[in-house]
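Chain order of the listed sequences is S and H.
Heads up: the first sequence begins at 196 in the numbering used here, then just goes up one per residue.
Heads up: the second sequence begins at 196 in the numbering used here, then just goes up one per residue.
Rather than coming from a laboratory, the hints here were simulated on the basis of the structure.
Please note: incorrect hints may appear among the correct ones.
All copies of an identical chain are treated as equivalent in the list; a pair is satisfied when it fits inside any one copy or across any two copies.
As the list claims (entries may be wrong) - Here are the simulated lysine-lysine pairs, DSBU-like style, with alpha carbons at most 30 Å apart:
no., residue 1, residue 2
1, LYS772, LYS659
2, LYS580, LYS198
3, LYS792, LYS657
4, LYS345, LYS887
5, LYS270, LYS198
6, LYS270, LYS772
7, LYS331, LYS303
8, LYS345, LYS331
2 protein chains.
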Amino acid sequence: MAKIADQYLLIHPWKIIEDGFHPDHSEVSESLFSLANEHQGVRGYFEEGYSGNQLIGVYLNGIYEEKFTESTSYKGISNRLAFMVNTVNWLYTRIELDGETLDLAKSKFTSFSRELDFRSGEYKREFVWETASGKKLRLVFLRLLSMEHKELACQQIRLTPLNFSGKVNLTSGLDFSVPHRMYGQNFWNCPRRAPGMLLGISQSIHQRLFAGMKVKGSTPISALEDEKFTAIHFEVDVQNNQESVIEKTVILQSDRNPQQSLEKAWEKGMTLLQTTDQHYAEVLEANKVYWAAFWAKSDITIEGDPENQQGIRFCIFQMQQTYRGVVPGANIGAKGLTGEAYNGNAFWDTETYCLPFYLFSNPEAAKSLIEFRYKTLPQAMTRAKDLDCAGACFPVATSDGTESCTLWQHASLQFQTTTAVAYAIWHYVIITGDTDFLRSKGIELLVQICRFLASRGQWSAKGKFGFYAVMGPDEFQMMVNNNAYTNYMAKRTFEYTLQVLEGADLSAVGCSPSEISEWCHMAEEMYIPYDPQTGLYEQHEGFFNLPHIDVDSIPMEDFPLYSHWSYDRIYRNDMIKQPDVLMFMFLYNQSFSQAEKLVNYLYYEPRCIHESSLSPSVHSILAEELGRYQEAFDFFRFATRIDLDNYNRNSAEGIHTTSIAAAWMNIVYGFGGMRSDGEVLSISPSIPLQWKSYRFQIVYRGSVIKVEVDKSKVSIQVIEGPVVQLKIFGKLYKLDQRGISVKI
Amino acid sequence: MAKIADQYLLIHPWKIIEDGFHPDHSEVSESLFSLANEHQGVRGYFEEGYSGNQLIGVYLNGIYEEKFTESTSYKGISNRLAFMVNTVNWLYTRIELDGETLDLAKSKFTSFSRELDFRSGEYKREFVWETASGKKLRLVFLRLLSMEHKELACQQIRLTPLNFSGKVNLTSGLDFSVPHRMYGQNFWNCPRRAPGMLLGISQSIHQRLFAGMKVKGSTPISALEDEKFTAIHFEVDVQNNQESVIEKTVILQSDRNPQQSLEKAWEKGMTLLQTTDQHYAEVLEANKVYWAAFWAKSDITIEGDPENQQGIRFCIFQMQQTYRGVVPGANIGAKGLTGEAYNGNAFWDTETYCLPFYLFSNPEAAKSLIEFRYKTLPQAMTRAKDLDCAGACFPVATSDGTESCTLWQHASLQFQTTTAVAYAIWHYVIITGDTDFLRSKGIELLVQICRFLASRGQWSAKGKFGFYAVMGPDEFQMMVNNNAYTNYMAKRTFEYTLQVLEGADLSAVGCSPSEISEWCHMAEEMYIPYDPQTGLYEQHEGFFNLPHIDVDSIPMEDFPLYSHWSYDRIYRNDMIKQPDVLMFMFLYNQSFSQAEKLVNYLYYEPRCIHESSLSPSVHSILAEELGRYQEAFDFFRFATRIDLDNYNRNSAEGIHTTSIAAAWMNIVYGFGGMRSDGEVLSISPSIPLQWKSYRFQIVYRGSVIKVEVDKSKVSIQVIEGPVVQLKIFGKLYKLDQRGISVKI
């Protein structure tokens, strides 16, 4: 996996810092310096206007639009694309001095730096502007999203003249006319408007978004208005070597209900704007308190590896910004709230890669993710019908529960979301013990999922059950039969459901005994392609007979293959994009022996080109377990700094949420050796050669557990909460606040 | 195969006749009553205007437009659609009497009948119009396309008042504003116009089409003009019980060259129009002479089966109308020149299904079809590059040699056109002995085809060569490995090419010895999935393990499956749309034993749902060979009358050119037992129970051979030309004009 770092930010344990402006990386920086609080997100763009490359992106969780692609006449092929839509540029600012408008693509400036602090969520940018007329003005731009009041966003601009006194023209506004870049158009109308306030209505879904601002620090001169725009113009009196401060407080209040009356939407926003009177400094203070509490519970420290220390904290910070379970019905987009790529849709990544982070830091948030699927069960049942099946088929990509992937070969053939929902229920329940959820919503989901699987699968001539014409998670093998991942996950789904249904009142859940015995038979006779001679699972029937390609022989300039190879060429050989077999060996880790894992790792790893950012972490975790430490570390490094080092050269489009979630797993599951796929949590840490020590914390059964690993030992301790049982290196311990140390 | 006839035309050995108007079938009739002369085609629509369902369709061979579908970012996925474009309504007529405009959807009329005569290509329609004012006017509409002067089209209208004398208003025009129905728009501009003349330029390809008319029989009153329209208005003086005749002579002269100057295109058309002075009766006479000569060479007679007698003559007549080798660069669209379906594109059907008819009636026309591929070799080489391959890949669907199939799963995975071109060369050369063609163009095509196959195929781990991620002709198994048809055809293509190259000057054809030895190795090690225990060829690797579906259990209302089933559902089982294995057993018939054919027929026939109209004929021919006479006859009946009985309920879209070509094969190869896949032509006839006798004629090695079969014997005789050698029931004969009779 020859990925090359493209590093331009400074290393710091708690910050990302850009020292001097890197215009070639300006959109990458926009992604990296993004702020979010789950409700809203804003890219790190230059608010004063910038004529260079720029994606002014402000996204709200659950605010999406829809688009219909050219229709095909075939049933089950979805032609509706839902996408998280770009909203209002609430940071809109223009600054003019001596008739010159500030624009870092054109203006002369020095001493540029910017940083984002993970301990406050504050993004600060500063530089000295030198006008053509010779004036020097020091500018500091600060912004914050409140973690406490999710609708609240703050901006502060500090102006300090270094060689003059006079007037600076400053315009501060709200702009709903920003285009959605990917579709080259703006999707908003503003039926109500007042100075400093706009009510936006999205054009296809008709969701409401109120944006209102208060600007303090100078006297307004005039108001500006346009169809989708409102602003106030100031002449700021600045005195030489004195700092003037302009503060803008913004409310972004969304209402997803397209039936909501405009009057009411407007009033709710207005009221919130009027009653919000925090100053920037207060919001900053509150944010610091919030993040301190968070880090106390969820920090990971690494001694002896500043790059990965920064990397993993960036990952954790971004995870928490993206999703934390405070917005009802929220999910996690593939780019979080930092860009338009993947249309802001959620994938199976949520259950498979992101869920563990929340399970072990914020179980309520984890539960809300599963509840997203419960709420969208009706859409999943409609989708199953579209595919001529029963039960519920969960979408490959979605914003609102409907299938939003318009490539039929993915949407109609991939079922990993559906089995991932069942896996998530199981995982959530064994970790939290929340059987109430299981008995209420979980069981209903499981039954509908099994119904789908039973109707989509088929019996072979040889009397084995399996799935035909499918695509596994590995998207480089398109339409195959008996994909090992699909079949194995379906088998486990049937088995778990049957176990849950044991002794349950079948009529209450609407199951017939014959249905149960059918599922039982399907689970027993599920075909998992396997060669007992070699111990190899076959990724799908016929995989072992495919022509072999040496993936290392593919020239670097051919990557990404989707952009350089004929589309079908990808499917002509035994190359894989991500490892289906290793994936289920990770998910049900303790069901497989070390020997089985090793032989399969050795076979599949060299065939994997990791064109998916989901792939390296799973390899890293298994490599560590198999004692292949250097490989494990290399894969880890890639996942942890995928965005900071722009490994895939596409971080400009937004951060790789799944990969950063997986980076967390890399430390906790990989080096920490945690295994959560059993009745008892188990930990078997090792430590990378490069590190002196590392520490992580997890929330488990109501306790916060600290795990510290150094070269000689692991120390595990409950730092908050009751005694918990867990296995360390396979041995069962009762753990309390005194802690335990075990040699490694 | 439960297909049900929908018969409403009368049976006649040389005509199709509609007695009384069937408005529910009006568009089916338009297709069936189509006229064509290869250069131009016109549907049997009502020229006087009709407010019921109507597709005014006038198509010219090689006159097409292009359209780009929503682009995908993947290489090798074609997003350009070329389509034969609807052109000018040259039959435009309006008739008014006492202020009432004739419209068979609204007017009162009696004694309607129409017929199309295969011996003249004349289409005649007549009825008596009764106006609201009580007048009765007998109308006869005649039309003809000249087989001699391909640009010439004629219309005649006869008016006979039955109870009055007076004036009938008649308008006769040329109308370029007709929309192309499938894309709901008109694709023409008319930069030059004069009374009775228009020069059309197609909007995307910019081909030129001159349309000019002369109308005789009455005195013009006024001219009408519009942007894309020209017409002349007449007041026809009609006398009670006397026939008045209006004659319209039209020139449709096309110029495919988009660079052609408008001036020149106009002049060429004008000149042709001015110098054309034939009357309708003269053109009719010439057409009768043409068709008499044609039938003398190419007729098939059946005694004892009037329905199929009519059916097969209709098929032969339509084949000859559609294509006869007089228009340079012409090919055969899936609907001929009778409708817009399949975009008028040519498919592998040309080489595989249509070519034999021409090989045995008009070898020069057969050669022209192969030359179409030769002319489009550059496009096929570009296409191969798009697919990351070498050599030439011929398109699945095409108007101009570029790939015009925008469904990637077909365009990128199906290679039956490419191997069909090689097969066609081989077939043409063994039948005609035209080694000049082989040595000039054939060899160049073969080399580029082999290059493509060598680069697209791959070596398996087991050291066998084959094709991965492909779709065979059977489109119900989408992305498979080692499709038996693809592999077998590739093997034979390599073998034939190597045989042709034997002793040739390799450097002259640009081949290296290592390339030759590579092809040799590939041919030898080609993997043809086969089970020696059962004698079954496996359609592709893994086919035998697919879940079985009883195709007879699928409810009738589910058909066509593409419209009623979830798209991917079609691919989940062992159902096939058409028989790949039986197909290559038909093409290389003498390479397989009867026993092999039988076991494979018995296995694949029950799995085939014949959703392709290509399928029944191949089954019929093999069934006859295997002594399964009733099955053979049932399949034959379907192919022969597919349009006359509207079996697929879609003849309104145009005739099924491939199926009607296959109907000819059904008689000649099926009942006639002709085999042309060997060095010597071989004939082993049988006769269906229902028939008294039948007779067909073929052109072979410069001779016309008549084959007559009755219940007891086959009589074969050269009726024109030199002595020929052929096998009858496996025994070699020298055949001359005295003929031979053999007992059957």
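Status of each hint after checking the structure:
{"no.": "1", "hint": "LYS772 / LYS659", "verdict": "both (28 Å within a copy, 25 Å between copies)"}
{"no.": "2", "hint": "LYS580 / LYS198", "verdict": "between (42 Å within a copy, 28 Å between copies)"}
{"no.": "3", "hint": "LYS792 / LYS657", "verdict": "both (28 Å within a copy, 25 Å between copies)"}
{"no.": "4", "hint": "LYS345 / LYS887", "verdict": "neither (39 Å within a copy, 89 Å between copies)"}
{"no.": "5", "hint": "LYS270 / LYS198", "verdict": "between (41 Å within a copy, 23 Å between copies)"}
{"no.": "6", "hint": "LYS270 / LYS772", "verdict": "both (29 Å within a copy, 18 Å between copies)"}
{"no.": "7", "hint": "LYS331 / LYS303", "verdict": "within (10 Å within a copy, 92 Å between copies)"}
{"no.": "8", "hint": "LYS345 / LYS331", "verdict": "neither (37 Å within a copy, 83 Å between copies)"}
When held up to the earlier numbered hints, the structure conflicts with 4, 8 and fits the remainder.
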